[in-house]
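Start from chain A and add chain B according to the hints.
Sequences listed follow chains A and B, in order. Per our numbering, residue 196 is the first one in the first sequence, and the count goes up by one each step. Per our numbering, residue 54 is the first one in the second sequence, and the count goes up by one each step.
These are calculated hints, taken from the structure and not from any lab test. One thing to keep in mind: the hints can contain errors.
[As the list claims (entries may be wrong)] Cβ-Cβ distance ranges computed for the label pairs, FRET-style:
1) GLY76/B - ASP381/A: 45 to 51 angstroms
2) ALA301/A - VAL193/B: 18 to 24 angstroms
3) VAL259/A - PRO428/B: 50 to 56 angstroms
4) ILE204/A - ALA365/B: 27 to 33 angstroms
5) LEU424/B - SER298/A: 45 to 51 angstroms
6) ALA194/B - MET206/A: 50 to 56 angstroms
7) GLY76/B - ARG197/A: 41 to 47 angstroms
8) MET196/A - GLY76/B: 41 to 47 angstroms
9) GLY224/A - GLY76/B: 17 to 23 angstroms
[Stated by the list, open to error] Now the stretches of chain B that chain A is said to cover, found in silico as 3 or more residues with beta-carbon under 8 angstroms:
10) 83 to 96
11) 107 to 115
12) 132 to 145
13) 179 to 187
14) 228 to 239
15) 307 to 313
[Unchecked claim] Distance condition first, Cα-Cα at most 20 angstroms in a straight line; then the derived SDA-like pairs of lysine to any residue:
16) LYS286/A - GLY85/B
17) LYS295/B - LEU378/B
18) LYS341/A - ASP258/A
19) LYS286/A - ASN358/B
20) LYS286/A - ALA326/B
21) LYS286/A - ALA86/B
22) LYS286/A - LEU440/B
23) LYS286/A - THR187/B
24) LYS307/A - VAL193/B
25) LYS295/B - LEU279/B
26) LYS286/A - GLY332/B
27) LYS286/A - LEU446/B
28) LYS260/A - GLY85/B
29) LYS286/A - LEU329/B
30) LYS286/A - GLN445/B
31) LYS286/A - VAL435/B
32) LYS295/B - ALA443/B
33) LYS286/A - PHE447/B
34) LYS291/B - ALA387/B
35) LYS291/B - LEU436/B
36) LYS260/A - GLY305/A
37) LYS260/A - THR82/B
38) LYS290/B - MET149/B
39) LYS286/A - ILE276/B
40) LYS341/A - GLN84/B
The structure displayed is predicted, hence computed values, not measured ones. Heads up, the beta-carbon is just placed ideally off N, CA and C, and yes, glycines get one too.
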Amino acid sequence: MRRYVFASIRMALVTLFVLGIVYPLVVTGIAQLAFPAQANGSLVRSSDGAVIGSSLIGQSFTDVKYFHGRPSAGDYDAAASGASNLGPTSKALVDSVVSRVASAVAENPGLKTGAVPVDMVTSSASGLDPDITVANAYAQVARVAKARSLDESVVRALVAAHITDRQFGVLGEPRVNVLALNLALDAAK
Amino acid sequence: MLPICVVLSLVYVSQGVVQTLAGTVTAGTIQGAAQTIHVGPVASQEAVKLLGTNGGGFFNANSSHPFENPTPLTDFLQVLSILAIPAGLTFMFGKMTGNMRQGVAVFAAMLILFTASVAVMYSFERAGNPNLTTAGANQVASATQTGGNTEGKEVRFGIEASTLFGSATTAASAGAVNASMSSLTPLSGGMAMLNIALGEVVFGGAGSGLYGMLVFAVLAVFIACLMVGRTPEYLGKKIGPKEMKLAMFAVLAVAASILVGSAIGVVTPAGLAARLSAGPHGLTEILYAFTSGVGNNGSAFAGLNAATRFYAVAIGVCMMLGRYLFIIPVLAIAGSMAAKKRVPPSAGTFPTDSPLFVGLLVGVVLIVGALTFFPAFALGPVLEHFLMHAGQLF
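Chain A with its partners taken away, still in its complex shape (with noise of 0.2 angstroms):
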């Protein structure tokens, strides 16, 4: 009985240490060396150095020269984290998707109420979705070329290079990452 009891302390003690400290410790290891980038963050600098934001976390958008994520229902606070839970009855959410809609269609010149793609007016689930689809970006292209003087067909021609598609062909979905299409706008004008 007792040989046991000391037996199974001294594996649970053992496994504390291996699996507690020395996994994760091993894994941040390889990872630093391997991939700093990404084991940081993947973080989006300045040419001077300063961290601008990171290209996995959404930030906040709302002028109009710039493309905008989607709603988030943390108000792209990347402390923390999370969707807004409303279910489909949910008159709070029916709700704030028409105030949405409204926004968006006078905002942008072109976009009719019916045609507002719906990734744009409905929430993440992160609250910090990094991304918005390809017809969520092209809605906007009219907006943004208008704000900053620019050919629509430029702003489109960017928005087209920066479609990461599915990957390796069949996962997931195509998209647009918000941070790297404003910068580079930002880069073209």
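Here is chain B on its own, set in the frame of chain A:
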């Protein structure tokens, strides 16, 4: 598991999952705001979170957070990790019984139920929420957008990867999520809840899924043999009244814990006050909380505030009931059957490695689940489905 976890962690990091000992990074965004970004040793936890069907995430948003699940590839690997061990155990079962076909039969029944679940969840999410169309949004899928019900989903996953993940995490007892379960369309969320309510026997947790399915196999053998007047045997062991009583006790204990718990939730002010939604969705929130607790799943209709004293105690008790009132009869069945003499198969033995048995097993799981939970589900997800199409909001 340790070597697999090391390899998976590194694949995750290569895709963008963070792995650092630092706590936060502060960014000055393009529009001039400060954004505090939490980081940490995520990848090493992510690998074991899914392989161990645990599901506890590093961040609140769990596997929908871009640092936990940055690309469609990591998402695919996470779904695979959830199902790998439970699915593998059916082959272990085949080896242990000395007849691989027994294991394949159990695997086939699980695969049929899993495929059906994905199909149901996918089709209702794809069809979307008519209230969003009325509000002026375009949910039609095209070459440039995924369409469907995108509330609570990430663009990189879309409908397909979100419903596949949702099915896997509720069929197994993982509970990790890559989309908001609460924002799913009613019948899609109902399907996720049914996956858990069936006892998580569709692949299920590592080990618990297999023994759960074997309880249903014992029931299926008994029912089949009653119908044709044969002596019920499974794997060469006679099934007697004692095993049947224990199997029924296990099945009923889970159902009773879920339904009685939810019933207490809907009649107490403390239970009702924690809801985010009114109407049938509010009932579904409470049902889901108890179902997930009893099934040790861990996913949630997160609108419900489960951090209240009532839910902390009630769901905590249900977790223990759901686990122990199932595992004790299962051990008793195993002990009782192990002590029995093996009967050589005869012409009168009902073969349990045939497609016919797979069909029966699927049927028994569905009938038991449907009979037990249909009344409650009719008032939650089913009612909400019809009200959603009628445009009724709460």
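Do the hints match the structure? See the list:
The hint said 45 to 51 angstroms for the Cβ distance between GLY76/B and ASP381/A, and at roughly 30 angstroms that hint is violated. A hinted range of 18 to 24 angstroms holds for the C-beta pair ALA301/A and VAL193/B, which are about 23 angstroms apart. One distance hint, 50 to 56 angstroms for the beta-carbon pair VAL259/A and PRO428/B, holds here, with the actual separation near 53 angstroms. A beta carbon spacing of about 30 angstroms between ILE204/A and ALA365/B agrees with the range 27 to 33 angstroms that was offered as a hint.
Restraint check, LEU424/B to SER298/A: a C-beta distance of roughly 49 angstroms satisfies the suggested window 45 to 51 angstroms. For the pair ALA194/B and MET206/A, the beta carbons lie near 53 angstroms from each other, so the given range of 50 to 56 angstroms is met. Look at GLY76/B against ARG197/A: about 43 angstroms separates their beta carbons, and that is inside 41 to 47 angstroms. About 45 angstroms separates the C-beta atoms of MET196/A and GLY76/B, a value consistent with the hinted range of 41 to 47 angstroms.
Checked against the given bound of 17 to 23 angstroms, the beta carbons of GLY224/A and GLY76/B, roughly 18 angstroms apart, stay inside it. Counting residues of the region 83 to 96 of chain B whose beta carbon lies closer than 8 angstroms to any beta carbon of chain A gives 10, which reaches the threshold of three, so the coverage claim holds. Three residues within the 8 angstroms Cβ limit are the bar, and the region 107 to 115 of chain B against chain A gives 3, so the coverage statement holds. By the rule of at least three residues with a Cβ nearer than 8 angstroms to a Cβ of chain A, the coverage given for the region 132 to 145 of chain B is violated, with 0 such residues.
Only when three residues or more bring their CB closer than 8 angstroms to a CB of chain A does the claim for the region 179 to 187 of chain B stand; here the count is 6, and the claim holds. Here the region 228 to 239 of chain B counts 9 residues with a CB under 8 angstroms from a CB of chain A, which clears the bar of 3, and the coverage holds. For the region 307 to 313 of chain B, the stated coverage by chain A is violated: 0 residues have a C-beta nearer than 8 angstroms to a C-beta of that chain, whereas at least 3 were required. Our distance criterion of 20 angstroms between C-alpha atoms is broken by LYS286/A and GLY85/B, whose separation comes to about 34 angstroms.
Restraint check: the Cα-Cα separation between LYS295/B and LEU378/B comes to about 16 angstroms, which is no more than 20 angstroms; the hinted pair holds. Between LYS341/A and ASP258/A the CA atoms are separated by roughly 13 angstroms; this keeps the pair inside 20 angstroms, and the hint holds. Taken as a hint, the LYS286/A and ASN358/B pair is honoured in the structure, with Cα atoms around 19 angstroms apart against an allowance of 20 angstroms. Between LYS286/A and ALA326/B, the direct Cα distance comes to roughly 18 angstroms. Compliance with the 20 angstroms bound is thereby established for this hinted pair.
Distance hint between LYS286/A and ALA86/B is unfulfilled; the C-alpha atoms sit about 32 angstroms from each other, more than 20 angstroms. The straight-line distance between the Cα atoms of LYS286/A and LEU440/B is roughly 12 angstroms, inside the 20 angstroms bound, and the hint therefore holds. Distance hint between LYS286/A and THR187/B is fulfilled; the C-alpha atoms sit about 13 angstroms from each other, no more than 20 angstroms. Note on LYS307/A and VAL193/B: the hinted pairing holds, with a Cα-Cα distance of about 15 angstroms set against a maximum of 20 angstroms.
For the suggested pair LYS295/B and LEU279/B, the alpha carbons sit about 16 angstroms apart, so the restraint of at most 20 angstroms is met. Distance restraint check for LYS286/A and GLY332/B: the Cα-Cα separation of roughly 11 angstroms lies within the 20 angstroms cut-off, and the hinted pair is therefore satisfied. Between LYS286/A and LEU446/B the alpha-carbon distance is near 5 angstroms, which keeps this suggested pair within the 20 angstroms criterion. Under the criterion of a C-alpha separation no larger than 20 angstroms, the hint pairing LYS260/A with GLY85/B is consistent with the structure, at around 14 angstroms.
Restraint check: the Cα-Cα separation between LYS286/A and LEU329/B comes to about 12 angstroms, which is no more than 20 angstroms; the hinted pair holds. Restraint check for LYS286/A and GLN445/B: the C-alpha separation of about 9 angstroms stays at or below 20 angstroms, so the hint holds. At roughly 19 angstroms between alpha-carbon atoms, LYS286/A and VAL435/B fall within 20 angstroms of each other, so this suggested pair holds. A C-alpha spacing of about 50 angstroms is found between LYS295/B and ALA443/B, which places the hinted pair above 20 angstroms, so the restraint is violated.
Proximity of LYS286/A to PHE447/B is assessed by CA-CA distance (about 5 angstroms); at most 20 angstroms being required, the pair is judged to hold. A distance of roughly 12 angstroms separates the Cα atoms of LYS291/B and ALA387/B; the hinted pair therefore holds under the 20 angstroms criterion. Distance restraint check for LYS291/B and LEU436/B: the Cα-Cα separation of roughly 44 angstroms exceeds the 20 angstroms cut-off, and the hinted pair is therefore not satisfied. For the hint pairing LYS260/A with GLY305/A, the CA-to-CA distance comes to about 16 angstroms; that is within 20 angstroms, so the pair holds.
A threshold of 20 angstroms between alpha carbons decides the hint, and for LYS260/A with THR82/B the separation of about 15 angstroms falls inside it, so the pair holds. A C-alpha spacing of about 15 angstroms is found between LYS290/B and MET149/B, which places the hinted pair at or below 20 angstroms, so the restraint holds. Under the criterion of a C-alpha separation no larger than 20 angstroms, the hint pairing LYS286/A with ILE276/B is inconsistent with the structure, at around 47 angstroms. Restraint check for LYS341/A and GLN84/B: the C-alpha separation of about 19 angstroms stays at or below 20 angstroms, so the hint holds.
Hints 1, 12, 15, 16, 21, 32, 35, 39 from the earlier list are contradicted by this structure; the remaining hints agree with it.
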